[in-house]
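Asker: Below are the chains, spelled out letter by letter.
Protein chains: 2
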Amino acid sequence: MRAEFINPFLASLINVLNTMASMPMTPQKPRLKKDEIARGDVSGLIGMIGPKTKGSMSITFEQDLALEIMQRMLGERPAGINEDVTDMVGEITNMVTGGAKRALAENGYDFDMATPAVVSGKGHTITHKCDNAIILMPFDSDYGKAYIEICFD
Amino acid sequence: MRAEFINPFLASLINVLNTMASMPMTPQKPRLKKDEIARGDVSGLIGMIGPKTKGSMSITFEQDLALEIMQRMLGERPAGINEDVTDMVGEITNMVTGGAKRALAENGYDFDMATPAVVSGKGHTITHKCDNAIILMPFDSDYGKAYIEICFD
Chain Y
1 MRAEFINPFL ASLINVLNTM ASMPMTPQKP RLKKDEIARG DVSGLIGMIG
51 PKTKGSMSIT FEQDLALEIM QRMLGERPAG INEDVTDMVG EITNMVTGGA
101 KRALAENGYD FDMATPAVVS GKGHTITHKC DNAIILMPFD SDYGKAYIEI
151 CFD
Chain H
1 MRAEFINPFL ASLINVLNTM ASMPMTPQKP RLKKDEIARG DVSGLIGMIG
51 PKTKGSMSIT FEQDLALEIM QRMLGERPAG INEDVTDMVG EITNMVTGGA
101 KRALAENGYD FDMATPAVVS GKGHTITHKC DNAIILMPFD SDYGKAYIEI
151 CFD
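Protein chains in written order, with UniProt numbering: chain Y, 1 to 153; chain H, 1 to 153.
Please note that the accuracy of each hint is not assured.
Unchecked claim - If the Cβ cut is set under 10 Å, some of the chain H residues that face chain Y in the computed set are:
(1) Thr26
(2) Asp87
(3) Asp112
(4) Ala117
(5) Ile126
(6) Thr127
These are computed hints drawn from the structure, not numbers from a lab. Note that beta-carbon positions come from the ideal geometry of N, C-alpha and C, so glycine has one too.
With the hints as extra help, turn the sequences into a complete structure.
Answerer: What follows is the structure in C-alpha cells.
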C-alpha cells in the first residue's frame, strides 16, 4: 500500500479527537500488521471504493478511552458500551474517513465511503481481507489505546 | 429499505453454504432490527456503494457453526477461530455479497463492493449505522445460528 495513504488517516484521527473531544492522541509508528493483534472493545468499520482501488478501514478503541471521549464530546458517561457510544463511534468513523478522503482527493486519490458499522464486544479483533498488506496505526492516550487499521487493494 | 433488497441476500447465503459446504440453512422470517441483538463469534462485514445508495452488510456466525462449515469446506477443524476461519468467513462474505449483487443488478440496482473485514470475538454484536432501518435475517442450522444484517441509505 502506498505510504501517502497512511498519513491522512493518522492526521484525521488526531484532528477529529482533538477538535470534537479535546482528547490528545499520541501516534506510534505505523507498521505492517503481521502477527500483531489490535484488540479493543468497540470499533467502527467502513468500506471505501474508488475508480482504481477499494479497501476497508477500522478504528478500534479500548472501553475506557471510548467512555472518556463520550464524556468529553457529549457530557455523559454510560457504565459501558451502549447505543449512544456506538453512535458516537460510527460518527467518529465517518468524520475520520471523511477527513482522510478530502486530503487524499487533493492528491488525486478519490474514493467514496460506504456507511459505517460498529462492533462491540470485549477484546474483539478485526482482520481486513484485501490483497495488500494491512497497515496498523496505534495511538496512545491517558485513557487507553486506539488503533486504526487500513487495507487497500 | 426496499423489500426486494432482502431476498437476494437471503437466497445467496443459503446457496453459498449449500454449494460450498453442503450446509443446509433454514431461514427465519427477516425482520426489522430494533431491540433484538444478533450475537456471534465471527462476522464478515462489507461496505457497498451504488450510484443511488450506499450501505453495509454483515454475516455473523456462532463458533460451532463456523467450525463445522470450515470442516466441510476445507476438511480441517481448528480448535477455535483462527486465521484460516477468518479467511473463510471473508470469502463467504464476498461470495454472498457477489451473489446478491448479481441478482440486484438484474433488477436495476447496481452497487460496487468494498473489501471485507472479519471480526472475531466471543459474543460480539454489530450495529450498522445508516439512515434507514436495519434488516435482520436469522438462519438456523444443526450446528448453530447465523445472521445477516443489512442497511442501505
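Asker: A separate judgement is required for each hint: does it hold in the structure or not?
Answerer: Structure-based check of all given hints:
{"no.": "1", "hint": "Thr26", "verdict": "violated, 25 Å"}
{"no.": "2", "hint": "Asp87", "verdict": "holds, 7 Å"}
{"no.": "3", "hint": "Asp112", "verdict": "holds, 5 Å"}
{"no.": "4", "hint": "Ala117", "verdict": "holds, 5 Å"}
{"no.": "5", "hint": "Ile126", "verdict": "holds, 5 Å"}
{"no.": "6", "hint": "Thr127", "verdict": "holds, 5 Å"}
When each numbered hint is compared with the structure, a violation occurs for hint 1 only.
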